[in-house]
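Student: If you want the building blocks of each chain, they are given just below.
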Amino acid sequence: MSEPITLVVADDHALLREMLTQRLQSEPDLRVLASVGNAREALEAWLEWRPRVLLLDIDMPGPSVFDVAARIREKDAGLRLIFLSGFCHDHYIDMAIQLRASAYISKREPVEAVISAIRAAVAGRVRFSPEVQARILVDRSGARLARQPEARVGLLTPRELTILGYIAKGHAKKEMARLCGISVKTVEQHCTHIMDKLEIHDRVELARFAIRERIVQP
Amino acid sequence: MANGSTQQLQESGVTLPRWWFLLAVVLTLAMLQVIGWHLYRSFSTGQMIQEVYLAGEQLHDDFLGVHQQASACARQAVTGDTDCLSHYPDLRRELDEIALAFFAPGAPGAPSLIAGEAAYQRLRELEDLALAQRSDNQQEAHALLSGDEYRLMERALMQAADAYVAFRREGVRERLRTERRAEVGSLGVGLLIFIVSLAVWAELIRRLQRWRRALLSEVTERRQAEAELQQAQKVELLGEVSGGVAHDFNNLLMAIEGYAGLARATLPSEHAGVAPLQRLEQVTGQARGLTRSLLALGQRSVARKEPVLLGPWLDQLSGTLRHILPAAIDLRLEVPVDPELWVLADPVQLQTLMLNLVVNARDAMPEGGRLEIALHGEGDPGTPDAAACIRVTDTGQGIAPEVQGRLFEPFFTTKAPGVGTGLGLPMVRRILVEHGGRVEVESLPGVGSTFTIHLPRVGPVSPSGSSSGAAHPAAGSGQLILLAEDDVYVREIMTTTLSSANYDVEAVDSGSALLEHCRSGPGKAALMIIDIDLPGRSGLDCLREMRARGDRTPTIMVTGNMEPDLEDRLDGTALLLRKPFPMAELVRLVARILAGRQPAGSVQP
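Residue numbers (our numbering), protein chains in the order written: chain G, 1 to 218; chain X, 1 to 605.
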C-alpha cells in the first residue's frame with residue numbers, strides 16, 4: 001500500500017473541524033496530522049509536520065490565511081494548498097490561484113468534494129468550479145483569475161494583427177505576402193489562425209471586426 | 001450641499017444668471033442716472049433762462065427810467081433850476097454806466113442797438129449843448145430839448161429799447177426750443193434704456209425661475225438618492241447580517257452532514273439506522289438551499305458579466321418560466337427582433353431577477369390571469385442614457401399604495417407566512433444596482449402591477465467580441481493532447497481544464513521530455529500544446545525538429561514574450577498563442593483545431 005496522504009486541517013469552527021478530521025481520518029489513504037483553529041497555528045503545524053496537503057478555511061480569526069499561505073508557499077513549492085470557504089468572492093479565488101492552490105471548495109459542497117479534491121491535488125490536478133476554471137488566465141508569471149471578459153483581439157499576435165489589417169483593406173494574399181516579406185502559404189496559415197482565434201470565417205466579417213476593434217480606420 | 005448642487009446644476013446647463021443680474025442692475029442705474037441728469041438739467045436751464053430774461057427786463061427798465069430822469073433834469077436845469085443842474089452830472093454818470101451795459105459790444109440785438117446807441121449819443125449831445133447855451137440863450141437851449149430832433153432821437157431810443165426787449169424775449173424762446181429738443185432726445189435715450197432694462201429684468205426673472213426649478217428638481221433627486229442610499233445601506237447591513245448567519249449555519253450543516261455520513265459509514269448497509277441517516281443527509285441538503293438565498297442577498301457571487309442579447313435570451317427563458325406558471329396564467333412574450341438590445345449582464349443573476357418578478361406576478365394572480373413580458377429600447381444607442389427595458393405586467397390584485405414604498409425592504413412581504421421570504425425584490429434591486437440598472441413599479445389595486453427594469457444598453461456585440469463567460473463545453477472525445485509546459489501549476493491547470501473538456505492529456509515539463517515522447521510514439525497525439533520557453537531545448541527547437549522529421553501534428557505554441565522575429569521563425573507552422581489567455585479560449589481553440597478542418601501547422605515551411 002502506498003504512503004497515505006498527510007494533511008493539516010485548519011478551520012476556526014470547532015464542530016466542523018472535528019467532523020472534517022474524523023471524516024478524513026476514516027478514509028484509508030488520508031492521514032490528518034493536525035487540526036488547528038487559525039492561520040498561525042496552521043503555520044506552526046506545517047513547520048512541525050510538513051504535510052503534503054494543507055486544508056485552510058479562508059475566514060479565520062488572527063493573521064490572514066493568504067499571508068500565512070504565501071509564507072508557507074515560499075518555502076514549500078510542492079505543498080498542495082486547498083482552500084475551503086463559505087464565500088465565493090472573486091478576490092478570494094484570485095488570491096488562491098495566485099498562491100497556486102490546488103482547489104477552492106465552497107462549504108456548500110458535501111465533504112466528498114473535499115476528499116476528491118485532496119486526492120486530485122496529490123495526483124497533480126486542480127479543482128475549481130467549471131465557471132472559475134474557464135476564467136483562469138495563464139499569464140507570464142503563472143495564473144490568475146480574469147476579472148473582465150478578455151477581448152479576443154488580445155489573442156492575436158502582431159503579425160496576425162498586421163495581416164488582419166490588410167484583409168480589412170482588401171489586399172490580395174500575394175500582396176500581403178509581398179508587404180510582409182513572407183510566402184503566400186505562410187499568409188494563408190496566418191489567415192487560418194486569425195479565423196480560429198476570432199471564430200470568424202468570412203472576410204467581410206473579419207473586415208468589420210477590424211474596423212470595430214480599430215485595427216483599421218473605416 | 002449648495003456647492004455640490006450648483007456644480008451639478010452647472011453640469012446640467014442651468015446656471016445662476018449672475019451676468020444677467022449684473023446687466024439688469026447696470027441698466028437700471030443707467031436709467032436712473034439719465035432721468036436724474038435730465039431733471040437736474042431742466043431745472044438749472046430753466047432757472048438760468050429765467051435769470052437772463054429778468055436781467056434783460058431790468059436793464060431795459062433801468063435804462064429808460066434813468067434816461068427819463070436825466071432828460072427831465074436837463075430841462076429843469078436849462079430853466080434855471082440849480083439843484084437839477086448840480087444833480088444832472090450824477091444822473092449822466094449813472095445813465096452812461098447803464099448804457100455801457102445796454103450797448104455792450106456783442107450784446108444781443110446789435111443792429112437795432114447801433115441805431116439806438118447813435119440816438120442816445122445825439123440826445124446826450126443835445127442835452128450838453130442845451131446846458132452849455134442855457135446862460136446865453138435860455139429859450140434856444142430849451143428848444144433844443146423839446147425840439148423835433150430831440151423827440152425823434154428819444155423815439156429812436158425807445159424803439160431800440162423795445163427791440164432789445166423783443167430780441168431778448170426771442171432769444172429766450174429760441175433757448176427754450178433748443179432745450180425742448182434736448183429734453184426730447186434725453187427722454188428718448190431714457191425711454192430706450194428703460195425698455196432694454198425691462199427686457200433684461202424679464203429675462204433675469206425667467207432665468208431665475210428656471211434655475212429655481214432646476215434647483216428644486218436637483219434637491220428632490222438628491223433627497224431621493226439619499227433615501228435610496230439609506231435603503232441600500234439597510235439592505236447591505238441586513239445582507240451582511242444574514243450572510244454571516246448563513247455562513248455559520250452552513251458550517252453547522254456541513255458538520256451535521258459529515259457526522260451523518262460518518263455514522264452511516266460505521267453501520268452495515270442493512271442496519272435499520274442507515275435509512276434515517278440518509279434522510280438526515282437529504283434534509284441538510286435542503287437546508288443548504290435555504291441558506292443560499294440569505295447568502296445571495298449579502299455577498300457577491302463568482303458570477304460575471306458578459307454581453308447578452310436580450311431578445312433571444314428572453315425567448316429561451318420563457319420556456320423555464322412556463323414551467324413555474326400554472327395553466328390558468330397566460331404568458332405573453334413581446335420581444336421585437338429589431339433593434340437588437342444588448343446588455344452587459346450576468347445571465348445567471350438576470351435569470352434570478354426575472355424569476356423573482358415572475359414568481360411575484362404568479363402569486364398575485366391566484367385565480368389566473370395574463371402575464372406579459374415585453375422588451376423595448378430607450379434612448380439612442382451609444383448615448384449614456386440608452387437602456388434596454390424589460391416590462392413585466394400582470395393582471396393580478398395589484399399593490400396597495402401604502403405598501404409600494406416598502407416593496408424593496410428586505411424581509412418585507414405581503415405573502416402568507418411560509419410563502420414569501422421578503423428577499424425576492426431586495427435581490428432584484430441588488431442585482432440591478434450591480435448592473436447599473438434600476439426598477440420602476442406601477443400598480444393599481446385590483447387591476448395589476450407593472451415592474452419595468454432598465455439596464456444600460458451596450459452596442460451590438462458579435463459572438464467574437466469577447467470570450468464567453470460560460471464554462472467550456474465538453475468539446476473533446478478523448479483525443480490525446482500532448483502538453484509541454486514547465487510551470488507545474490500552469491501545467492496542472494491546463495491538464496485539468498483539458499481533461500474536464502474530455503481530452504486525454506499527457507503532460508511533460510521539458511523540451512527533451514517532449515521530443516522523447518514524440519520519438520516513442522510519433523503521431524499518437526491529436527494536438528500538441530508547447531510552451532516556447534521550455535528548459536533545456538526550447539519549444540521552438542522541438543517544433544522545428546519534429547517538423548523536420550515530418551511530424552505534422554497540429555500545434556499551439558504558447559508564449560509570454562513576443563519577440564519581434566518569433567513569428568517569422570515560426571513561419572506559420574503552428575498557431576501562436578500569446579499570454580495572457582483564459583482557459584476557456586484555450587479549450588475553444590483546441591476544439592476548433594480538432595474539429596476536422598485543415599489542421600493548424602500542418603504545412604511544411
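A couple of the hints might just be wrong.
Said to hold, decoys possible - Some chain G residues judged to face chain X by a derived CB distance under 7 Å, without partners named:
hint : residue
1    : Q133
2    : A146
3    : T162
4    : G165
To be verified - Here are the simulated DSS-like pairs of lysine-lysine, each with C-alpha atoms no more than 30 Å apart in a straight line:
hint : chain 1 : residue 1 : chain 2 : residue 2
5    : X       : K579      : G       : K173
6    : X       : K524      : X       : K579
7    : X       : K579      : G       : K169
8    : X       : K305      : G       : K185
9    : G       : K185      : X       : K524
10   : G       : K185      : G       : K169
11   : G       : K185      : G       : K173
12   : X       : K524      : G       : K75
13   : G       : K185      : G       : K174
14   : X       : K305      : X       : K524
Unchecked claim - Here are the computed distance ranges between Cβ atoms for each label pair:
hint : chain 1 : residue 1 : chain 2 : residue 2 : range
15   : G       : G78       : X       : R519      : 27 to 37 Å
16   : X       : L237      : G       : S116      : 31 to 41 Å
17   : G       : V204      : X       : R370      : 36 to 46 Å
These aren't lab readings, by the way, just hints derived from the structure by calculation. The beta-carbon is built from N, C-alpha and C at its ideal position, and this holds for glycine as well.
Student: Is K305 of chain X close enough to K185 of chain G, meaning Cα to Cα at most 30 Å?
Tutor: 40 Å, violated
Student: Is the Cα-Cα distance between K185 of chain G and K173 of chain G 30 Å or less?
Tutor: 9 Å, holds
Student: Quick one, are K185 of chain G and K524 of chain X close enough, alpha carbons at most 30 Å?
Tutor: Measuring from Cα to Cα gives roughly 26 Å; hence the hint holds.
Student: Holds or violated: K185 of chain G with K174 of chain G, Cα cutoff 30 Å?
Tutor: 10 Å, holds
Student: Straight-line Cα separation of K579 of chain X and K173 of chain G no greater than 30 Å?
Tutor: This hinted pair holds, its Cα atoms lying about 28 Å apart.
Student: Is 27 to 37 Å right for how far apart the beta carbons of G78 of chain G and R519 of chain X are?
Tutor: The hinted range 27 to 37 Å holds for G78 of chain G and R519 of chain X, with Cβ atoms some 29 Å apart.
Student: Can you let me know if the beta-carbon spacing of V204 of chain G and R370 of chain X is within 36 to 46 Å?
Tutor: Since V204 of chain G and R370 of chain X have Cβ atoms about 44 Å apart, the given range 36 to 46 Å holds.
Student: Is K305 of chain X close enough to K524 of chain X, meaning Cα to Cα at most 30 Å?
Tutor: Not satisfied, since the Cα-Cα distance of roughly 40 Å exceeds 30 Å.
Student: Would the hint linking K524 of chain X and K75 of chain G be met if the CA-CA limit is 30 Å?
Tutor: 39 Å, violated
Student: Run the distance test for K524 of chain X versus K579 of chain X: straight-line Cα separation, threshold 30 Å.
Tutor: Between K524 of chain X and K579 of chain X the Cα gap is close to 27 Å, so the pair holds against 30 Å.
Student: Taking 7 Å as the limit, does the beta-carbon of G165 of chain G come near enough to a beta-carbon in chain X?
Tutor: At about 15 Å, which exceeds the 7 Å cut-off, the nearest Cβ of chain X leaves the hint on G165 of chain G violated.
Student: May I ask you to test the interface hint for T162 of chain G with respect to chain X, counting a Cβ-Cβ separation under 7 Å as satisfied?
Tutor: Constraint on T162 of chain G not satisfied, violated at 9 Å.
This entry does not satisfy hints 3, 4, 8, 12 and 14, going by the numbered hints stated previously.
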